[in-house]
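Since the structure of chain A is already known, use the hints to place chain B on it.
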Amino acid sequence: MGWLKKLNYLLSSQKGHVNQSKKKTSLDLPNAYTKEELINLPIAASLQENLDWMTKLLGQNVDFVQRQFPLGSEQPLQAVLFYMDGMINPEILDRDVMRPLLAPRPKETTGSALLKLLKSGGLVSRAEIDQYNNFHDVTNLILTGDAVLFVEDCPQAFIISCKGYQMRNIPEPVVENSVRGPREAFIETLSVNISLLRKRLVTPNLMVENMKIGKISSTDVCIVYLKGIVSEDLVKEVRHRLNRIDIDVILESGYIEQLIQDSPYSPFPQMLVTERPDKVVGNLAEGRVAILTDNTPLALIVPGQFVSLLQASEDYYYKFYFPTLLRWLRYTAFLVALVLPSLYVAITNFHQEMIPTTLLISIAAARQGVPFPAYLEAMIMEVTFETLREAGIRLPAPVGQAISIVGALIIGQAAVQANIVSPLMVIVVAFTGIASFTLPQYSLGISVRMLRFPLMLSAAFLGLFGVMVGLLAILLHLCALRSFGVPYLSPLAPFNLQGLKDSLVLAPHWSRKIRPAELVQENKKFMGNNQKPKPPK
Amino acid sequence: MEKEYISARQCIFLLIGSIIGISLMLVPSLTIVIAKQDAWLAPWLSTIPGLVLISLLVSLNKMYPGQSLVQYSSSILGLPGYFLSLLMLWFFLFLGALNLRSMVHFLTSIILFETPPSILYFFIILLCAYGIKLGLEVMARAFSLLIPFTIILALIIQVFSMINADFEKLLPILSNGVLPVIHAGLNFTAFPVGEALVLFSMIIYQVKNLRGIGAKLSSGFIFAIFILFLVIERAIVTLGPERASRSIYSIAAAINTVSGGGIILPFLTLNGFVFSVSELILCYYAFVTGVAHWAKLSDYKPLILPAGALFMVLGIYSFENAIEEATFSSIWTVYALPIEFGIPLLLWVAAVIKSRLKPTNQL
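Line by line, the protein sequences give chains A and B.
All letters in the first sequence, in the order written, are residues 247 to 783 by my numbering.
All letters in the second sequence, in the order written, are residues 17 to 379 by my numbering.
One chain only, chain A, in its complex shape:
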């Protein structure tokens, strides 16, 4: 009755400091155990004891399967195999685990001989087999899709990996679509995501550190970086920030993002979020660190800088003229999405002299029947637009189309004809909306959408001066932001001439020889000298 003693010991150790509610739970519900209790619970030599514990811990679950069988034909040892139904691959389990275990062997006939063989790794043909000696590891692994084998008289558990849960196929990128470039995106399975990175970087320097975050969910979170390029301090800082997370459940990488960013109140995203493996690899090579979270088809990249939020991975695949123009277009689009409605409000209210006379006359004519001041008009249209956008995302796909037709065609047209808004306002709002879609980072688009409203308010009260004060305040805020110690606006401020080659313009690959100076201290060079192609003479 050794296990009773152990149970008594456990219960008595709880009395002092662990919550009292456990004692009150009814007998047919198993107690909830903390991680520490399970770690301190060793696997016993007695099979019956282990079996009782496993039943106590997991036995009530409908998908928990146990299979008893004798090991060996002469003097057999009893053995039990546990696994969670639906998380394993039954074919592999049958072929590579059960069949070798049950098949009679000519040499090793006794149970103890077979156990010896099993311990030395010779019996089961699965590649991954391991031995553990406490219940925390055992339950954890069984719940992630491994099979566990207990054998009589053996104080160890054999973990045989035969994961086989359902996963998606590797899809095409949905949010970050591209014309040119690989058509692979991350999926929810961490190991697949890591493999997508590994096959792009065939080097032993690609480090993937794993840690489990979430007291209940115990989600796998990986820190990925390129040793020799990344600065050690950055990796240490990422590790430190992830380690201090103390939360029950991590559902998505957004939890991690909010728990480790520098300025929690800033409206601006401080790290890149991407679904493209090629973008992650490009950033790793520049000395950034990626954080992959299990069950999330997205990677976080730190540190995130403002200019890198406006870069698409496709930029690097085209000849440099075009991406340079595209970047300027995006910077303009960022500004337009931020200030166009407030400029409209400011100019029509305060600075009519800025509008060319003919346009002014047509604006005045169009606004003649509109009963609202420009600010209210802009607010109505912006709120309508945001509502349509939100409805378009939330509604089921077939209805979503109907909404876009109703929203775009009917409301837009009818609102103008009913003299609720002026046609120019509709143009302004539509253009603003389109401009905010050109930003490659969705989260940056969100911050722009939010900041638009206070700017409109200040434009309504103080005209262009109000817009300017608002923009200066935003600029000061951006200058004060840091992401993992790197200034948010670098390389623009603080200024770095080499950095301009990948921010203000995109210089051709053969002239961008240096990695971003604010990230990389050593091993700065991307490439060798004289990489500019020359025709043979």
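One or more of the hints may lead you astray.
As the list claims (entries may be wrong) - Label-pair ranges, simulated between beta-carbon atoms:
hint	chain 1	residue 1	chain 2	residue 2	range
1	A	614	B	198	58 to 64 angstroms
2	A	768	B	91	39 to 45 angstroms
3	B	149	A	763	26 to 32 angstroms
4	B	21	A	492	31 to 37 angstroms
5	A	598	B	91	32 to 38 angstroms
6	B	314	A	606	53 to 59 angstroms
Think of the hints as simulated: they come from the structure by calculation, not from any bench.
Note that CB positions come from ideal geometry on N, CA and C, so glycine has one too.
Then chain B, alone, in the frame of chain A:
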């Protein structure tokens, strides 16, 4: 107090921004009133005292590294130094208040005609207070990003408004003799050169790499002078000295003469606004850190909002009307020059004598 560092490059941009400052708007009329068509010589005359002041401040900083003017004035002169730095602090406060007042006056007379001025005072001070709360590093970063764009915009506006330029208006050169030009040059030395440069006695000690800082600052200074020269010359050749001296904001008047100038005018205002904010924010910063140094406080941040209220109130109540203001601006030179140049010179001489008297300290 937490040490903050800025780079020499950022310091140069702050210097350019604060010298151009509100004077972008005010200086053309003020100089043209006195020196007529020769007013464009005035900025060049003031380069010499400007360079001298820069070298004084740099050499004082070398003798007392890591200290602001308020700090080293007391370590050079002892008790009298405290009073001297108090005078300096008053200068910063009053200068900031005047700057604020001119900015608001400019805004209300060019783009926001019906807005109550106190609202504008409030929002400008709020913006500056936010910047100072974030620290010098952040301000320097923001302005080193903004000032280049603003300079480019200023040059574009310059090109636009030169359509009606008539270079005949520059002639005859020195028809009224040299004296009016020297007078205008002296005024120019007090405002904007001296007042902007003396602010940097509270900034230079925070520059990270001090090697060659004198030369770097001087080049920035000359560049700012060049921009102001362009502005003055533009007012002369487009409006002519007579008309330019009669309008307060001759730069705006020059643009209004161009067709389509109405579109540019608000941009010009914003342009001037950025430059003026960069000067005001430095006055504000110099005053707040100066008070903190003077009273040996560990942090200047609690002083920000009270100081902002002081700037606002002083800005609103310093003058009853524009006539008073104009009268005061004629004595500004006499009031400002001794503080801007006299105090650093006095401190420098005292410091040199002190170091000569105690040669053992050098070892």
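- Run the structure past the numbered hints and jot down the numbers of the failing ones, going up. 5
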